[in-house]
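So you can see what is in the structure, the chains are spelled out below.
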Amino acid sequence: MSLKKESNNYYFEIKPKLAFSLNLKELIEYKELFYFFTWRDVKVKYKQTALGFLWAILQPLVMMAIFTFFIGKSLKVPSDTIEYPIFAFSGLILWTVFSSGITNAGNSMVSNAQIIKKIYFPRLVIPISSILVSVFDFLIAFFVFIVLLIFYQQPVDVLSAFMFWPTSLIVAVIATFGPGCLLAALNVKYRDFRYVIPFLVQALLFLTPVIYPISIVSNSWLKYLLAVNPMYAAITIFRLPMMNSSPDTTLLWISLLSGVLLFFIGLTYFRKTEMYFADLA
Amino acid sequence: MKPILEIQSVSKKFNIHHEGGSYLSLRDRLTELAKFKSSKKSDEDFWALKDVSFDVMPGESIGIIGKNGAGKSTLLKILSKITPPTHGKIICRGRIASLLEVGTGFHPELTGRENVYLNGSILGMKKKEIDARFDEIVDFAGTERFLDTPLKHYSSGMQLRLAFAVAAFLEPEILVIDEVLAVGDAEFQKKCLGKMEDVSKSGRTILFVSHNMAAVESLCKKTLLLENGKPRLFGLSS
Chain L
1 MSLKKESNNY YFEIKPKLAF SLNLKELIEY KELFYFFTWR DVKVKYKQTA LGFLWAILQP
61 LVMMAIFTFF IGKSLKVPSD TIEYPIFAFS GLILWTVFSS GITNAGNSMV SNAQIIKKIY
121 FPRLVIPISS ILVSVFDFLI AFFVFIVLLI FYQQPVDVLS AFMFWPTSLI VAVIATFGPG
181 CLLAALNVKY RDFRYVIPFL VQALLFLTPV IYPISIVSNS WLKYLLAVNP MYAAITIFRL
241 PMMNSSPDTT LLWISLLSGV LLFFIGLTYF RKTEMYFADL A
Chain R
1 MKPILEIQSV SKKFNIHHEG GSYLSLRDRL TELAKFKSSK KSDEDFWALK DVSFDVMPGE
61 SIGIIGKNGA GKSTLLKILS KITPPTHGKI ICRGRIASLL EVGTGFHPEL TGRENVYLNG
121 SILGMKKKEI DARFDEIVDF AGTERFLDTP LKHYSSGMQL RLAFAVAAFL EPEILVIDEV
181 LAVGDAEFQK KCLGKMEDVS KSGRTILFVS HNMAAVESLC KKTLLLENGK PRLFGLSS
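Chains as they are written, first to last, in the working numbering: chain L, 1 to 281; chain R, 1 to 238.
This is chain L alone, in the form it adopts within the complex (with noise of 0.2 Å):
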């Protein structure tokens, strides 16, 4: 479709085939969208339930303490000279902004089928208001780590949290819209990616330093194989604030790389194929 303004009229073509374009104008001028998307997704999630918020926190306190006691304390495993249940409740909350923003994202298409085939908006909104979703529960999330850190008496580096806070988010946040995406327009068509889904965060969850640090692998090779996954680098970066050391760079750019490649891959495969979600879905 070519949007042209005629003098002053508005004019644009409908034809069969959407000549590859990112479109971001179309984006913005339906960016009151997202907002209500966002807003509904977070309002039904927490309706009727006495305990509301509360859920968004409960969930990584519990696998915090979990972990702390089973990893940290019981099996000693070390955690870069942060004080063990923040380095596990940071990666946590980091974390389960990627799994359940993919894990969203990627139903997302599906549940939302029948407002797709009565109605056009740009399909990448349904994607990122899910992802908005899991930003907004690590938001509440956040408050409950700094709780945390004064709790603990964790040294943080002041004016670094403020530089590497914001933008672990943003990378997290890339990380996860790749495959998001990827996953809501594969789902679409073959119906299996909603049982991959909750395998492949399952797995993820054991191949990122989320409860344990990547300083105990020993393997170079492997460390390299680890760093291929985008979150990687959004949780070091969340980390570094906090950490004494500084960080093995190598590793890092690996896996921004790797973020910023997926999130193209699946950006591109998105729009190629959002044209015929209203005939699959």
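I should point out that these hints are in silico values taken from the structure, not numbers from a laboratory.
Straight-line alpha carbon distances no greater than 30 Å define the calculated BS3-like cross-link-like pairs of lysine-lysine that follow:
#1 L/15 with R/67
#2 L/117 with R/190
#3 R/230 with L/17
Residues on chain L that point at chain R, a partial pick, calculated with CB under 7 Å:
#4 36
#5 119
#6 279
No residue lacks a Cβ here, since even glycine has one placed at the ideal position from N, Cα and C.
Starting from the known structure of chain L, fit chain R onto it as the hints suggest.
Then chain R, alone, in the frame of chain L:
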């Protein structure tokens, strides 16, 4: 004056996939598998629309009628950019708003008020526009008393009235409506038709699909008759 819509040789093909083929016994199925027979034979091409062309001038109301399965809804879906045409092209010189189903995006857990905003936004209204016309919308629907209760507690009639009320205050240049009046009582249908007449009188273009011949005749000057995806007649409604 240039036509606000130029539909040029639009065709739409669907792939009908026959699952399992015709009725077979288990033994036949197993032998079929053993011989590695491909199931590609059971895909069929179905042309929902074939070579539809017509022009719409600004301010006209066009009715689209035909038997069930003639391709009316498919044509509207293509106009609404929900699905692309297989061949052909449509030139649009105005913004199109579609009402293919009332209550698109309505969520039963949210209240009436919240759903008005959600639905309005999905249909393309900005939040400011919804704020401005909120009272009129609720007034048209007649559901003020239940505005802050979750939609799941509404009767189906109330939901329909609320949904149509939101859509009634859309202000696009081209409005596309698909058989939404099939449900609803006589009083409501009259209200809706009245509103559509107002929209038409204010110079907007309407494309209206319906089985209700009386409604089509009163509202639309010209009508397109579709039969098995092909246009049969295009002319004055009477």
